[in-house]
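Asker: Here are the chains, one letter per residue:
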Amino acid sequence: MIHVEHLSKAFSDSKRGTRLAVDDVSFNVHAGEVFGLLGPNGAGKTTTLRMLATLLKPSSGTASLNGFEITREPEKVREQIGFLSGDMGLYGRLTPLEILDFFGKLNGMDAARRASRIQGLVTMLDMQSFTGTRTDKLSTGMKQKTAIARTMLHEPAVLILDEPTSGLDVPTARTIETAIVDAKKAGKCVLYSTHVMEEAEYLCDRIGVISGGKMKMIGTMEELRAATGKQRLREIFLDLLGLED
Amino acid sequence: MRLSIVNAIYRKEMLDLVRDRRTLISMVAVPVLVIPLLLNVSTRLMSRIQEKSEEEAKSMAVAVRMTTPALREALEKAQIQIVEKDDLKDAVLTKTAAAGVEEIAGTPVEVRIYADNSNPTSSAAAARVRVALDDFKDEKVRESLRGSGIPDSVLTPFTLKRVNIAGRGRWRGWRGEACWVTCCC
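Chains as they are written, first to last, in this note's numbering: chain A, 939 to 1183; chain B, 16 to 200.
Simulated from the structure, these hints should not be mistaken for lab results. Source: prediction; values computed, not measured. From the three backbone atoms N, C-alpha and C, an ideal C-beta is built for every residue, glycine too. Among the hints, erroneous ones may be present.
DSS-like, lysine-lysine: derived pairs with alpha carbons at most 27 Å apart [stated by the list, open to error]: (1) B/Lys-27 with A/Lys-1081; (2) A/Lys-953 with A/Lys-1122; (3) A/Lys-1014 with A/Lys-953; (4) A/Lys-1081 with A/Lys-1122; (5) A/Lys-1043 with B/Lys-27; (6) B/Lys-92 with B/Lys-73; (7) B/Lys-152 with B/Lys-176; (8) B/Lys-73 with B/Lys-27; (9) B/Lys-73 with B/Lys-100; (10) B/Lys-152 with B/Lys-73; (11) A/Lys-1014 with B/Lys-27; (12) B/Lys-27 with A/Lys-1075.
Have a look at the derived ranges for each label pair, beta carbon to beta carbon [unchecked claim]: (13) A/Gly-1105 with B/Leu-39: 19 to 25 Å; (14) B/Glu-28 with A/Gly-1105: 25 to 31 Å; (15) B/Met-29 with A/Gly-1105: 31 to 37 Å; (16) A/Lys-1014 with B/Asn-22: 19 to 25 Å; (17) B/Val-43 with A/Lys-1152: 53 to 59 Å; (18) A/Gly-1150 with B/Ile-50: 23 to 29 Å; (19) B/Glu-28 with A/Ala-1124: 29 to 35 Å.
Only chain B is shown next, with the shape it has when bound in the complex (with noise of 0.2 Å):
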């Protein structure tokens, strides 16, 4: 076939798709306007369901089965509310708390968290309790150190930071070698 035949064959069809206002709405409109809404509203939905489930989870109790006082207190000290509970699985499930803390005698000793993922608010519990707890083990570290005489940089070897160099421009049409990771020891 000649490529002027293909040209003008090329050029009627076009002409033929943009006066097609129906074609035009689901190829323009559709991706150009309709798509981001949705997407923006579902992204502001998500947002608003974790904030709330946030809220919910600070409201709501966390069932524990622990022996270590020390263990409670950095849950209590973290503004957590606790109660004992024997089968911490079935609080979960039931909704009768957020999420499960407990301890497993042993060495080291295990700590579980209990977590519902399909309840959004019983994971945003369980991430609270797992930074209290987080901290509480990095404090204790910290003691350890500091009653063996080691400072406590020991822990902090190195900051980590990344800049971004590109600029406006740059930065629209993305090079993967404008970002460059620094590490400051």
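Just chain A, with the same shape it has in the complex (with noise of 0.2 Å):
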């Protein structure tokens, strides 16, 4: 579903010169997984979610995404994918019913799919209460949740998820990580960077550690235990940023 080569992301300015953010990145997600890319602020996580979702172009190497190619195709690969960013982008005079609507047009669903679409999205995230309310009038938690129904709404093949959890309670937390689990059983391919390290080791079928642009290790919570020597994942991801706890 996602395949990974040799990625890399250069950005230059007159202050600081030329920086790596992405340097080398290689690896793959399948259908019906959820990968999480954990690491550090400024570890390149945000930079390779938005290559993959096309919206950063790569300095050298190339993606995938259910088959088609991130340079060469990019209105294909963004066909596929639900791209929750870490802004949410939403509109704030529009209420979550309107957003969900005017994405599901965008998206080309028909009149009766997307209003099946959009009720079903709202009773499993739980938006009842809130679907009429202007969203620059919601809390974060109920921001969050129409992000990720609109990240969901036309069921891509793969979902890219920018920290969904990040700054939530949890009631609002869990709610998205059903979310991610009922996407994950309908075969999506779940791609999702998080800062919370309980969360990785619930969610996750495999992990990717990256720190300073570089991938440092992939696995699943076993391969990574067996690597380091280390049992949860919060001593693991020190110890592969060579830290101590």
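Bring the two chains, given one by one in their own frames, into a single complex with the hints.
Answerer: This is the structure:
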């Protein structure tokens, strides 16, 4: 589903010169799998996800999603993915229902499919109480649920989620985690970045630890434990970063 | 891009727009309320300035330098106060006179009216002087015609009157062809 090969991204500015944000990263994510990208701030997680979502052009390397290469067929790639960015990108003066309906239309969904899909997502994400309220009047959790619903609306084969539970309370985070598990059960390929170790441990089939733009290690929890000799993901993560707990 | 997508984006943008109070104020309230209000205020203000200038023009003297008594009488007949000055332009610019009138000998005699157009009072005074002298000129022409045995009516071969025949509804949707000019000979 997602095939990333030697992907790199360099940024240049007059003050800091050229900086390699993502350095020769390779990994695969399969259908029905949740792959967690773990890393400290500035590790290159968001840059990697943005390149896969065709929002950034890679400096070198290649990646394909559901068979479509990100630089050669960006439109086709966008049709395959649901991308949740950190800033959510919601329209403040529209209600969640209006936003979902708008994005449904953009994705070419007919009225009946839109209505049934929106109804299903509203129920799944427990959004009934605020679907008619303007988005700029909603709490962070409500906005995040709306953004997740928008990401999943057109039933994309690949979900790319950039810190979907960041800043949310436990019940809201749990609802979103449940939605991710449901997507996995439905055979979706989920690529997911997070800071929350417990969440990654619970949700992810495989985890990739990224630091300084480089992929330090990829594996299941058992593989990571075996390689590092640590038990908890927090310890594994710090060990891979060369830090003591 | 498919038409349905264009339509969806248009509808979303319109919805977004009508819910944006700041945009609504700048797009609707300002053109509909504020601009007409400002225009109304400025028109009233201009009108008041004009009225005030005309009043001032009546009370201020006009500087003159002329030799023909009939011209001086024509101005006095129009209740224009006159004062003799050597430098008419200076009198107007220093506002010791609202306007200046100078008679320059020759055939025909040339009468120059000096006005400071940046000063509404001066312009109004110059307009009063012009009307008074035009009346005087017309009267002189009539006298000459009468002296030659030609009737005054030769000066008015026809009158011109414009009549609007558009109804109320048509007037709102203005049509050029609805206006007729009739000449009454």
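Asker: In ascending order, which of the hints set out earlier in this document are inconsistent with the structure?
Answerer: 2, 3, 8, 13, 18
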